[in-house]
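J.: Now for the letters of each chain:
2 protein chains.
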Amino acid sequence: VKINGKDVRALWFSNGTLKIIDQTKLPKRFKVYECKKYRAVARAIRGMVVRGGPAIGAAAAYGMAMGAERPKRTSSALRNTRPTARDLFYAVSYMEEAIEEGKNPVEAADRYVEALIDRCKRIGVNGLEVLGPHSKIMTHCNAGSLATVDYGTALSPIRLAHSKGLEPFVWVSETRPRLQGMLTAWELGQEGISHQIIVDGASGDLMRRGEVDLVLVGADRITSGGDVVNKVGTYEKAVLAHENGVPFYVAAPKSTFDPETERGDDVPIEERDEKEVLFVGKRRVAPKGSRARNPCFDVTPARYVSGVITEDGITQ
Amino acid sequence: VKINGKDVRALWFSNGTLKIIDQTKLPKRFKVYECKKYRAVARAIRGMVVRGGPAIGAAAAYGMAMGAERPKRTSSALRNTRPTARDLFYAVSYMEEAIEEGKNPVEAADRYVEALIDRCKRIGVNGLEVLGPHSKIMTHCNAGSLATVDYGTALSPIRLAHSKGLEPFVWVSETRPRLQGMLTAWELGQEGISHQIIVDGASGDLMRRGEVDLVLVGADRITSGGDVVNKVGTYEKAVLAHENGVPFYVAAPKSTFDPETERGDDVPIEERDEKEVLFVGKRRVAPKGSRARNPCFDVTPARYVSGVITEDGITQ
Numbered sequence: 035v036k037i038n039g040k041d042v043r044a045l046w047f048s049n050g051t052l053k054i055i056d057q058t059k060l061p062k063r064f065k066v067y068e069c070k071k072y073r074a075v076a077r078a079i080r081g082m083v084v085r086g087g088p089a090i091g092a093a094a095a096y097g098m099a100m101g102a103e104r105p106k107r108t109s110s111a112l113r114n115t116r117p118t119a120r121d122l123f124y125a126v127s128y129m130e131e132a133i134e135e136g137k138n139p140v141e142a143a144d145r146y147v148e149a150l151i152d153r154c155k156r157i158g159v160n161g162l163e164v165l166g167p168h169s170k171i172m173t174h175c176n177a178g179s180l181a182t183v184d185y186g187t188a189l190s191p192i193r194l195a196h197s198k199g200l201e202p203f204v205w206v207s208e209t210r211p212r213l214q215g216m217l218t219a220w221e222l223g224q225e226g227i228s229h230q231i232i233v234d235g236a237s238g239d240l241m242r243r244g245e246v247d248l249v250l251v252g253a254d255r256i257t258s259g260g261d262v263v264n265k266v267g268t269y270e271k272a273v274l275a276h277e278n279g280v281p282f283y284v285a286a287p288k289s290t291f292d293p294e295t296e297r298g299d300d301v302p303i304e305e306r307d308e309k310e311v312l313f314v315g316k317r318r319v320a321p322k323g324s325r326a327r328n329p330c331f332d333v334t335p336a337r338y339v340s341g342v343i344t345e346d347g348i349t350q
Numbered sequence: 035v036k037i038n039g040k041d042v043r044a045l046w047f048s049n050g051t052l053k054i055i056d057q058t059k060l061p062k063r064f065k066v067y068e069c070k071k072y073r074a075v076a077r078a079i080r081g082m083v084v085r086g087g088p089a090i091g092a093a094a095a096y097g098m099a100m101g102a103e104r105p106k107r108t109s110s111a112l113r114n115t116r117p118t119a120r121d122l123f124y125a126v127s128y129m130e131e132a133i134e135e136g137k138n139p140v141e142a143a144d145r146y147v148e149a150l151i152d153r154c155k156r157i158g159v160n161g162l163e164v165l166g167p168h169s170k171i172m173t174h175c176n177a178g179s180l181a182t183v184d185y186g187t188a189l190s191p192i193r194l195a196h197s198k199g200l201e202p203f204v205w206v207s208e209t210r211p212r213l214q215g216m217l218t219a220w221e222l223g224q225e226g227i228s229h230q231i232i233v234d235g236a237s238g239d240l241m242r243r244g245e246v247d248l249v250l251v252g253a254d255r256i257t258s259g260g261d262v263v264n265k266v267g268t269y270e271k272a273v274l275a276h277e278n279g280v281p282f283y284v285a286a287p288k289s290t291f292d293p294e295t296e297r298g299d300d301v302p303i304e305e306r307d308e309k310e311v312l313f314v315g316k317r318r319v320a321p322k323g324s325r326a327r328n329p330c331f332d333v334t335p336a337r338y339v340s341g342v343i344t345e346d347g348i349t350q
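Going down the list, the protein sequences come from chains B and R.
Each residue of the first sequence is one higher than the one before, counting from 35 in the working numbering.
Each residue of the second sequence is one higher than the one before, counting from 35 in the working numbering.
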């Protein structure tokens, strides 16, 4: 992500410390969160200091490196942070193998992250195919550099289109309860990419009125049957896109694919604290006594997905 | 609405003053806003101190009574407050006629409001038909007492079902940007009706998972062709209900029907200040420099509507 014109990654490792752009503080404040132990990495993942499937995987890879002297204990702590994103489990397994094979753990984590960044870059190239000049793209949540260390998944083709002068425009749905849309708006703003924020409930009518050329989102897990598990609200956009003849694309690297699970409904869906819904920031907005449900992800059945943009091309 | 067990209306007129429960302060604080002149009523409508089509109509009726000595000036000021809700225009025309016919303006406004309340009560009776025991109903925005002076439109059958021991359960979608879902949760909480709050983006997946028996919402305007204009996010719920075989009902009194406009797309849709999206309460959540679009309503084409519950029965 560009910060005042300078390229910065969502996280990086130096001198035994994992440094993470604190996503709970953005867009208000730019703060770097430092993890000196694997337990701090686990806390950062659970607390959403780092979020977005691929970025969680990258943080976990360094977490494994930091706790490599006792890999079983470390992997178990990291796996128990968040249940839905496939990248987390992919990264931990990757590191377990590397450690077992006697490789240098930090170097293995570096390789993991460089490969991820390279995949995201290639997603940009492959995704360019679905974008024309002045495309009006709707996205959800944040599938940008912050969610993937660099380039992003859904935002990668948009960045490339922008750099080629294709002048993309992005509808950013705010993505309650955690408002990750504001992270997307922040990333786009840093690079001068044209965008407007909308509430989640306005997405459908914009499609109905012909204001959206395509929907482009990331994923937390894609099953072998092609179901897409992603931030809650994604399924709604997929159905509304389908109903309005708007293509619905998902962008994800190999590490997001789960070959062992066929159906989205078999993926564990994280339910987070109801306070995320009952409060906005520190302010309670709900009446006293009211309770909330807070499923963090939803399932988009494969039939609504026009294609998945990966590092190897567009599938389906 | 019940407040600590006592019945209170959303607005009432006494000693030349219109008193309105200030909906911008709820659910945090219960405050009564007093209007001594028709201009204060116009300000209260524009600022959403009173909101909800039928309640806006009721406030406007008293506003007309308060400015009855110069009906043209008064009606013009009131009509210019908000463009979408039909009830506003219906109420102003009703009062113009009454004033022209030499009727007592306050008595005419009283009659208007009593007729409205009676309609809402009958909507409750008629709507009971679509509710069974333990129905799981999803609603959007606030179509309760606050939006209609008493009983509500969508909430009227739910209240009646509750009083008959049918134990309804309500999914309350929070309804960004103004979070009117919290008003609904507040009303339900005051009467001990079981409910849970969700973010707007979670509505669809709950339907997909079979957690919703029917959707029941109010309306700001219903065209002669049967299109429903209501709070932004309604169209999304209608499409998702349709896709998942969930009945989608709209509840509205006669004053919400616009016989002169055939298509929803011909209804003027209010766009409100982008700050409602960029801020939550007084806190800016969007990054500096980012802009927002803030359409206040959307259009649900007639084909997605299972039926409209009115004071005379269920149409379609």
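To be clear, the hints were calculated from the coordinates, so they are not data collected in a lab.
Don't take every hint at face value.
It does not matter which identical chain is meant; a pair holds if it fits inside one copy or across any two.
Here are the simulated lysine-lysine pairs, DSS-like style, with alpha carbons at most 30 Å apart [stated by the list, open to error]:
| # | residue 1 | residue 2 |
| --- | --- | --- |
| 1 | K322 | K155 |
| 2 | K288 | K316 |
| 3 | K322 | K106 |
| 4 | K53 | K106 |
| 5 | K59 | K309 |
| 6 | K59 | K316 |
| 7 | K137 | K40 |
| 8 | K106 | K170 |
| 9 | K322 | K59 |
| 10 | K170 | K322 |
| 11 | K106 | K155 |
| 12 | K322 | K65 |
| 13 | K36 | K316 |
| 14 | K62 | K106 |
| 15 | K198 | K322 |
| 16 | K288 | K62 |
| 17 | K288 | K322 |
| 18 | K106 | K309 |
| 19 | K170 | K53 |
| 20 | K65 | K137 |
| 21 | K322 | K40 |
| 22 | K62 | K309 |
| 23 | K309 | K170 |
| 24 | K53 | K322 |
| 25 | K288 | K309 |
| 26 | K198 | K137 |
| 27 | K106 | K316 |
| 28 | K70 | K322 |
| 29 | K170 | K62 |
J.: All hints are to be evaluated individually against the structure, with a verdict given for each.
T.: Structure-based check of each hint:
Only between protomers do K322 and K155 lie at most 30 Å apart by alpha-carbon distance; the minimum there is 27 Å, versus 47 Å within a single protomer. Proximity of K288 and K316 under a CA criterion of 30 Å is satisfied in neither setting, with 37 Å inside one chain copy and 42 Å between copies. Taking the shortest Cα distances, K322 and K106 never come within 30 Å of each other, neither inside one copy (44 Å) nor across copies (44 Å). Taking identical chains as interchangeable, the C-alpha atoms of K53 and K106 lie at most 30 Å apart only when both belong to the same chain, with a minimum of 23 Å there against 66 Å between chains.
For the identical chains of this complex, K59 and K309 are neighbours both inside a copy (18 Å) and across copies (20 Å), given an alpha-carbon limit of 30 Å. In this assembly of identical chains, the alpha carbons of K59 and K316 lie at most 30 Å apart whether taken from the same copy (13 Å) or from different copies (17 Å). Neither within a single protomer nor between protomers do K137 and K40 lie at most 30 Å apart by alpha-carbon distance, with minima of 33 Å and 72 Å respectively. Taking the shortest Cα distances, K106 and K170 never come within 30 Å of each other, neither inside one copy (47 Å) nor across copies (45 Å).
Within a single copy, K322 and K59 get their C-alpha atoms as close as 27 Å, and across copies as close as 14 Å, so both meet the 30 Å cut-off. In this homomeric assembly, K170 and K322 come within 30 Å of each other (Cα to Cα) only across copies, at 22 Å, whereas the closest approach inside a single copy is 41 Å. Taking the closest pair of Cα atoms, K106 and K155 never come within 30 Å of each other, the shortest separation being 32 Å inside a single copy and 64 Å across copies. For the identical chains of this complex, K322 and K65 are inter-copy neighbours only, at 16 Å across copies versus 33 Å inside a copy, given an alpha-carbon limit of 30 Å.
When the C-alpha separation of K36 and K316 is checked against a cutoff of 30 Å, the pair qualifies both within a copy, at 29 Å, and between copies, at 28 Å. For the homomeric pair K62 and K106, neither the shortest alpha-carbon distance inside one copy (38 Å) nor that between copies (48 Å) is at most 30 Å. With identical chains, the CA atoms of K198 and K322 are at most 30 Å apart between copies only, with a shortest distance of 25 Å across copies and 52 Å within one. In this assembly of identical chains, K288 and K62 lie within 30 Å of each other by CA distance neither inside one copy nor across copies; the values are 33 Å within and 47 Å between.
Proximity of K288 to K322 under the C-alpha cut-off of 30 Å is found in neither arrangement, the shortest distances being 45 Å within a copy and 34 Å between copies. Taking the shortest Cα distances, K106 and K309 never come within 30 Å of each other, neither inside one copy (33 Å) nor across copies (49 Å). Taking CA atoms no more than 30 Å apart as the test, K170 paired with K53 passes in neither setting, with 35 Å inside one copy and 46 Å between copies. In this assembly of identical chains, the alpha carbons of K65 and K137 never lie at most 30 Å apart, being 32 Å within a copy and 67 Å across copies at closest.
When the C-alpha separation of K322 and K40 is checked against a cutoff of 30 Å, the pair qualifies only between copies, where the shortest distance is 18 Å, while the shortest distance within a copy is 46 Å. For a Cα distance limit of 30 Å, the shortest separation of K62 from K309 qualifies both inside one copy, at 21 Å, and across copies, at 16 Å. Taking the shortest Cα distances, K309 and K170 sit within 30 Å of each other only across copies (23 Å), while inside one copy they are farther apart (34 Å). In the homo-oligomer, the alpha carbons of K53 and K322 lie at most 30 Å apart only across protomers (25 Å), although the nearest pairing inside one protomer, at 39 Å, exceeds that limit.
In this homomeric assembly, K288 and K309 never come within 30 Å of each other (Cα to Cα): the closest approach is 34 Å inside a single copy and 39 Å across copies. Taking the shortest alpha-carbon separations for K198 and K137, neither the intra-copy value of 40 Å nor the inter-copy value of 70 Å comes in at or below 30 Å. Taking the shortest alpha-carbon separations for K106 and K316, neither the intra-copy value of 37 Å nor the inter-copy value of 47 Å comes in at or below 30 Å. With identical chains, the CA atoms of K70 and K322 are never at most 30 Å apart, being 40 Å at best within one copy and 32 Å at best between copies.
In this homomeric assembly, K170 and K62 come within 30 Å of each other (Cα to Cα) only inside a single copy, at 27 Å, whereas the closest approach across copies is 39 Å.
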